[in-house]
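Listed below are the residues making up each chain.
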Amino acid sequence: MEKISTLTGPIVPLERSNVDTDQIIPAVFLKRVTKTGYDDALFHSWRQDPAFVLNQEPYRHGGILVVGNDFGTGSSREHAVWALRDFGITAVLGPRFGEIFRGNAGKQGLLVGKITEEATEALWAVARANPGEPVTVDLEARTATAAGVSHPFEIDDYTRWRLLEGLDDIALTLRDEAAISAFEAKRPSWMPTTQDRTPQARTQGAS
Amino acid sequence: MGKTLAEKVWDDHVVVKGEDGAPDLIYIDLHLVHEVTSPQAFDGLRQAGRGLRRTDLTVATEDHNTPTLDIDKPIQDPTSRKQIETLRQNAAEFGVRIHSLGDKEQGIVHLVGPQLGLTLPGVTVVCGDSHTSTHGAFGAMAFGIGTSEVEHVMATQTLPLKPFKTMAINVEGELRPGVTAKDIILAVIAKIGTGGGAGYVFEYRGSAIRSLSIEGRMTICNMSIEAGARAGMVAPDETTFAYVKDKPHAPKGADWDAALEYWKTLPTDDDAVFDAEIFIDASELEPFVTWGTNPGQGVSLSGEVPAPESFDDPTDRAAAERALEYMDLKPGTRLKDIAVDTVFIGSCTNSRMEDLTAAAEIIRGRKKADGVRVLVVPGSARVRLEAEAAGLDKVFTDFGAEWRFAGCSMCLGMNPDQLAPGERCASTSNRNFEGRQGKGGRTHLVSPLVAAATAIRGTLSSPWDLEAAEAELVKDGVA
Ligand code: SF4
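Protein chains in written order, with full-length UniProt numbering: chain Y, 1 to 207; chain C, 1 to 479.
Hint data in this document are derived by calculation from the structure and do not stem from the laboratory.
One or more hints might be untrue.
[Stated by the list, open to error] Derived BS3-like pairs (lysine-lysine); straight-line CA-CA distance at most 25 Å:
no. : chain 1 : residue 1 : chain 2 : residue 2
1   : C       : Lys264    : Y       : Lys186
2   : Y       : Lys186    : C       : Lys245
3   : C       : Lys367    : C       : Lys82
4   : C       : Lys162    : Y       : Lys107
5   : C       : Lys162    : Y       : Lys186
6   : C       : Lys252    : Y       : Lys186
7   : C       : Lys367    : C       : Lys336
8   : C       : Lys245    : C       : Lys104
9   : C       : Lys17     : Y       : Lys107
10  : Y       : Lys186    : C       : Lys17
11  : Y       : Lys3      : Y       : Lys114
12  : C       : Lys247    : C       : Lys104
13  : C       : Lys82     : Y       : Lys31
14  : C       : Lys439    : Y       : Lys31
15  : C       : Lys3      : Y       : Lys186
16  : Y       : Lys31     : C       : Lys245
Please model the complete structure; the sequences and the hints are all you need to start from.
What follows is the structure, given as structure tokens:
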């Protein structure tokens, strides 16, 4: 996972509320076997409409998504985060989010910041007046700045720290690598092994 | 104060103790892998340039998607084929032992661990499948996990896990003939509800549990998750040790002696305290069946379909209304009057030798009811071979049942074994959710004995009904 400190990109205005994860990515895409390549799946049914915002320039390559209330509610699928990321969305700003979605996003390195409804309206207005106008998200300062106006956003300290450090769950655990190895060295030899039960095979497996 | 079984196993696996409510980092002794929840985990490792830490603690099999007919032909469904091919490639690339279709050890992932002797008392087991709780029957602590946790275990052989609460499920007394482990667990879920176990690890205790075989205990632990529990466990005892000993991967020699000494320390201490307890009188239990669309919506088979108004809780009432509509059932209908189209004997709940033997004993020498499709799907290739060696396949096919190859099959209908819309099924599996066995299909969860009796009569029935019917015939001088 990459470290994040500031992100800059066009404001992508998704002027809708109650966008659940089924709308972000429909269930049919859950059958795939990869963790990337979901850009075509993002908002799949809405994308059938040529007038949909993500089908328009300058939004076709992503940016910073600004959404209405209750984005990412519903099913816990992690694919919703993958699809946003693969499309080129680097951060999502909005007034209220589904809890599981927000948790999944933090773990996968997608910045999700809570802004006020007024700030949401203000950013949408900037994009309407000047499509493609960039917004800069400063994770250190917890601000989103567009057209000279700074809006504070909320993100919990723990998630912010992880994003700043670029630590996914696995990297976080691997900080305890020494403790894991020490634990392994003490495991009794009767423990399960999927290899043959010969002393040689046992040590080979542990690498 | 003493410790419970679950606390002992947990404490012996803490790698790093979490401070201030942070999760503990827990070591995982055995990781079981199948084709549905692993592909993105392997892909994640690849993207991050990480390896799989302990291939010697990992084993893969193919089960959810596998066909149960023509297993030597290419798989028809492109998604199923792709998932299985991907698992094979990943296993080869990362060096994971795999039991593929056609291999003697292939089968439902929760049969593979126990039959190989990899599932042992006192170990931690995880798998990207919610019914991993099955392995708790050995006194192991076994959790179902999601795909990102699968990747986490592959990379680190550990998981950060929040502490849990403990609940004792005390089942005392003797089961009547015809009543099985499946009836116990269906009664437990009906009693505490599908969310009643949330946050808990169950320990099944009491004389009724002690006198169950390991396979019966697996049936019970398997469905812990249907009560919302994180895991379910039974303390290891002589029955456990006898079952494990001499399995292909069981510890041998000095290892066995050391293991045995440790295992005997695992049962819950007399002065340990559970966070919650419930009590069930085994001698009062009857064959049980579900009438609704979650595993908690069940009653004794001698009963009736309940009226939604009989539920005090408005959520339960609404759920019952919706369930009855989906199941196309009227309140007050006698369960024994409900006719089925299909009987499914299989799934990780009830597809082991003991289950198949029990069902075969009931149907031996009889014919299935007209118009009923009977599907018998052994849980693993090894079970299939053992059953064939015992002649059970012949008993089933003479009866008019279909004898299939191993896999999850109609438990979730990811392969071609599905219910048609509106079809009704008596199933030995664990979930009666809407559409679980096929779009629009209607599921009644039952024991293998009830499944067998139902296949004979065509309506939901228990072995008791067969005896009663025969007594009638004798009285009338027909037989
Ligand atoms: S048999 Fe059913 S419950 Fe068991 S692992 Fe397979 S799909 Fe899951």
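A quick look at each hint next to the structure:
Using a Cα cut-off of 25 Å, the hinted pair lysine 264 of chain C and lysine 186 of chain Y holds, with the two alpha carbons roughly 20 Å apart. Proposed proximity of lysine 186 of chain Y and lysine 245 of chain C is supported: the alpha carbons are some 24 Å apart, at most 25 Å. The suggested pairing of lysine 367 of chain C with lysine 82 of chain C is violated, with an alpha-carbon distance near 39 Å, which exceeds 25 Å. A distance of roughly 17 Å separates the Cα atoms of lysine 162 of chain C and lysine 107 of chain Y; the hinted pair therefore holds under the 25 Å criterion.
Proposed proximity of lysine 162 of chain C and lysine 186 of chain Y is supported: the alpha carbons are some 23 Å apart, at most 25 Å. Simply put, lysine 252 of chain C and lysine 186 of chain Y have alpha-carbon atoms about 19 Å apart, close enough for the 25 Å limit, and the pair holds. A distance of roughly 19 Å separates the Cα atoms of lysine 367 of chain C and lysine 336 of chain C; the hinted pair therefore holds under the 25 Å criterion. Annotation: proposed proximity of lysine 245 of chain C to lysine 104 of chain C holds, straight-line Cα distance about 20 Å (limit 25 Å).
Distance check on the hinted pair: lysine 17 of chain C and lysine 107 of chain Y sit about 21 Å apart at the alpha-carbon level, within 25 Å; holds. Taking the CA atoms of lysine 186 of chain Y and lysine 17 of chain C, the gap is about 17 Å. The hint holds against a cut of 25 Å. Between lysine 3 of chain Y and lysine 114 of chain Y the alpha-carbon distance is near 20 Å, which keeps this suggested pair within the 25 Å criterion. This hinted pair checks out: lysine 247 of chain C and lysine 104 of chain C have alpha carbons roughly 14 Å apart, not beyond 25 Å.
At roughly 9 Å between alpha-carbon atoms, lysine 82 of chain C and lysine 31 of chain Y fall within 25 Å of each other, so this suggested pair holds. Pair hint lysine 439 of chain C plus lysine 31 of chain Y holds up; C-alpha atoms about 17 Å apart against a cutoff of 25 Å. Note on lysine 3 of chain C and lysine 186 of chain Y: the hinted pairing holds, with a Cα-Cα distance of about 22 Å set against a maximum of 25 Å. With a C-alpha separation of about 40 Å, the suggested pairing of lysine 31 of chain Y with lysine 245 of chain C is violated against the 25 Å cut-off.
Violated hints for the displayed structure, listed by number in ascending order: 3, 16.
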